[in-house]
Amino acid sequence: MKVSKAITVGRPPSEVYAFWRDFENLPRFMYHLEFVENLGSGRSHWVTRAPAGRSVEWDAEIVDDEPGRRIAWRTAGADDDVTHSGSVSFVPAPGNRGTEVHVELTYDPPGGKLGAMVAKLFGEEPNQQVADDLRRFKQVMEVGEVVRSEASPEGAGQGIMRQEANQPSAIDARA
Amino acid sequence: MQAACWMGRQEVEVRDIPEPQILNSRDVIVRVSSTAICGSDLHLFNGYVPTMKKGDVLGHEFMGEIVETGSAVKNLKTGDRVVVPFTIACGMCWSCEQGLTSMCENSNPSGTAQERLWGHSASGAFGYSHLTGGFQGAQAEYVRVPFADFGALKVDQSVPDEQVLFLGDIFPTGYMAAEFCDIKPGQVIAVWGCGPVGQFAIRSAFLLGAERVIAIDRFDYRLEMARAAGAETIDYEEEDGHLEVLKEKTGGRGPDACIDAVGMEAHSEGLQFAYDRVKQAMRLEGDRPIALREAIMACRNGGIVSVVGVYGGLIDKFPMGTLMNRGLTIRTGQTPVHRYMRPLLDRIQNGEIDPSVVITHRLPLADAAHGYKIFLHKEDRCEKVVLKA
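If you read the sequences in order, they're chains A and B. If you're matching positions, the first sequence starts at 1483 in our numbering and goes up one per residue. If you're matching positions, the second sequence starts at -8 in our numbering and goes up one per residue.
Simulated from the structure, these hints should not be mistaken for lab results. Keep in mind that a hint or two might mislead.
[Unchecked claim] Covered stretches of chain B (in silico footprint by chain A; criterion: 3 or more residues with CB under 8 angstroms from a CB of chain A, positions within the stretch not fixed):
hint	region
1	7 to 13
2	36 to 48
3	52 to 60
4	128 to 138
[Stated by the list, open to error] In silico EDC-like pairs for lysine to aspartate or glutamate, Cα to Cα no more than 20 angstroms straight-line:
hint	chain 1	residue 1	chain 2	residue 2
5	B	Lys65	A	Glu1627
6	B	Lys369	B	Glu228
7	B	Lys45	B	Asp358
8	A	Lys1487	A	Glu1607
9	A	Lys1487	B	Glu106
10	B	Lys65	A	Glu1624
11	B	Lys44	A	Glu1646
12	B	Lys379	B	Glu10
13	B	Lys45	A	Glu1627
14	B	Lys68	B	Asp147
15	B	Lys45	B	Glu2
16	B	Lys44	A	Glu1636
17	B	Lys44	B	Glu10
18	B	Lys240	B	Glu215
19	B	Lys145	B	Asp71
20	B	Lys364	B	Glu374
21	B	Lys240	B	Glu256
22	B	Lys175	B	Glu202
[To be verified] Derived list of chain A stretches under chain B, where covered just means 3 residues or more per stretch with a C-beta under 8 angstroms from a C-beta of chain B:
hint	region
23	1610 to 1617
24	1630 to 1640
25	1646 to 1655
Note that this is a predicted model, so its numbers are computed, not measured. Positions of the beta carbon are idealized from the N, C-alpha and C atoms, including for glycine.
Isolated chain A, as found in the complex (with noise of 0.2 angstroms):
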């Protein structure tokens, strides 16, 4: 399963590089995914949401880090739920627009229970999914935080067939 996608945002190269090489970043904007811990020595431990509070996990380590231009990792520990790849470059965009953010992911998922658990975790249309995280992180960039309406609290992502009418919500937003 291979995913790329691209989106151009505000930002220099190195600004961008700079937040998405901080791995502990991605969950502000990858929905999927629950946290990730940096083990050091450029491993990381990522724990994803899954159905049914479940969690899919693996390890990843960097294959190439060059800093401002390009970041690509793959799964590298024993207990790996899923075998994954990616990576992501920042170039300059023309005409001074900031940074074209170009992504690119391949995911090995398993056969069995698990093989379906991380095909929904990871959503019937990766792309759609890939679509919505850009467009957070895009978000976080330029303005800081993820943008919420009354029928998406939690801001892209939340497809429109499952979204509610545009009323406020009843419960305490800060709560």
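With the hints as your guide, set chain B onto chain A.
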């Protein structure tokens, strides 16, 4: 709080719903003093805009008083009186920097869905289906305003609501329609549709130096309002072959620019209307582009067709041949209201225009359903309904 909710096709109900909350740091909450029903709300009311959900709060033209501010809002405070653009814009992305705030790249949480439909996404908007983000509408006692520090325009306590309310949509929209026409001295502008946006387009065309404006509609009271602004008028139901009449009125040349202030639910006499109406009902065609086709056919060689009537999807029988062979230019867009508010406020305060002339009905918010009904069916000479929350 009370809010006008869409409950299905041609069904609006004022219901009791929770009050809005701050969700982002640049939000404010506004207590609505005046809110209006827009012609584009009728497309939602009639069920022609997809992704409406039962219970959706309607409304995107409003003003009021700030009652709460988000932590990052520095230039506004509780008690300020503000008018708010109907399009939501962050003020920081490339599109906003170019002044294209109605195409803000960050304000629409449903952007990915719009991208599929339209290739790229446009901005979020208040109460305008879930394709524009699912933001609560403003026909309510309170509304949350995202990116208020960029969008909300502070107005002096001394200016009455009715003078400035329309800065949030229809005055900028009508003005932009006229601006698109690049009006030069001696030029003749034709306007399809004498609803509120058409009325502002007519008045704006004169403000921008048009020598003559010719307005086309079928309701006598709307044509009267156009004549009151100095326009000549054509009643397309009275005239046999109104495009011929328009051609004669312009010495056989055609108008220098044509404004479509009608959009996707146009009416006309005869077969063309039946064709589009049936295809639209069967969902084979998204929009009924009758006014647009006429505007293209009527425009003089090398002229400009300015489209501010709302379209949502696909149209049939688009007259590309005449557009190409006669060198016409089409200019269109949802209005980037942010860049028009201040200059148009100046024009109001200089006495160049009185926006309140279009208001025919002032109703309490509780009577919103009645407001939609009379506006849709043009009952009681209805031109513009303002709701008092």
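Comparing the hints with the structure gives:
1. 7 to 13: holds (count 6)
2. 36 to 48: It holds: at least three residues are needed, and the region 36 to 48 of chain B offers 6 whose Cβ sits within less than 8 angstroms of chain A.
3. 52 to 60: Three-residue rule not met by the region 52 to 60 of chain B, so violated; n is 0.
4. 128 to 138: With 4 residues close enough to chain A, the hint holds.
5. B:Lys65 / A:Glu1627: Given that 20 angstroms is the threshold and the Cα spacing comes to 17 angstroms, the pair holds.
6. B:Lys369 / B:Glu228: 15 angstroms, holds
7. B:Lys45 / B:Asp358: 19 angstroms, holds
8. A:Lys1487 / A:Glu1607: OK: A:Lys1487 and A:Glu1607 at ~13 angstroms, within 20 angstroms.
9. A:Lys1487 / B:Glu106: With a Cα-Cα distance of about 13 angstroms, the restraint between A:Lys1487 and B:Glu106 holds, given a limit of 20 angstroms.
10. B:Lys65 / A:Glu1624: 18 angstroms, holds
11. B:Lys44 / A:Glu1646: Given pair B:Lys44, A:Glu1646 holds - Cα atoms ~7 angstroms apart, limit 20 angstroms.
12. B:Lys379 / B:Glu10: Roughly 17 angstroms between the alpha carbons, so the hint for B:Lys379 and B:Glu10 holds.
13. B:Lys45 / A:Glu1627: 29 angstroms, violated
14. B:Lys68 / B:Asp147: 14 angstroms, holds
15. B:Lys45 / B:Glu2: With Cα atoms ~10 angstroms apart, B:Lys45 and B:Glu2 stay inside 20 angstroms; holds.
16. B:Lys44 / A:Glu1636: 18 angstroms, holds
17. B:Lys44 / B:Glu10: The given pair, whose Cα atoms are some 19 angstroms apart, holds under the 20 angstroms limit.
18. B:Lys240 / B:Glu215: 18 angstroms, holds
19. B:Lys145 / B:Asp71: 7 angstroms, holds
20. B:Lys364 / B:Glu374: Between B:Lys364 and B:Glu374 the Cα gap is close to 12 angstroms, so the pair holds against 20 angstroms.
21. B:Lys240 / B:Glu256: 26 angstroms, violated
22. B:Lys175 / B:Glu202: It holds: about 9 angstroms lies between the C-alpha atoms, which stays within 20 angstroms.
23. 1610 to 1617: holds (count 4)
24. 1630 to 1640: holds (count 10)
25. 1646 to 1655: holds (count 9)
The earlier numbered hints that this structure contradicts are 3, 13, 21.
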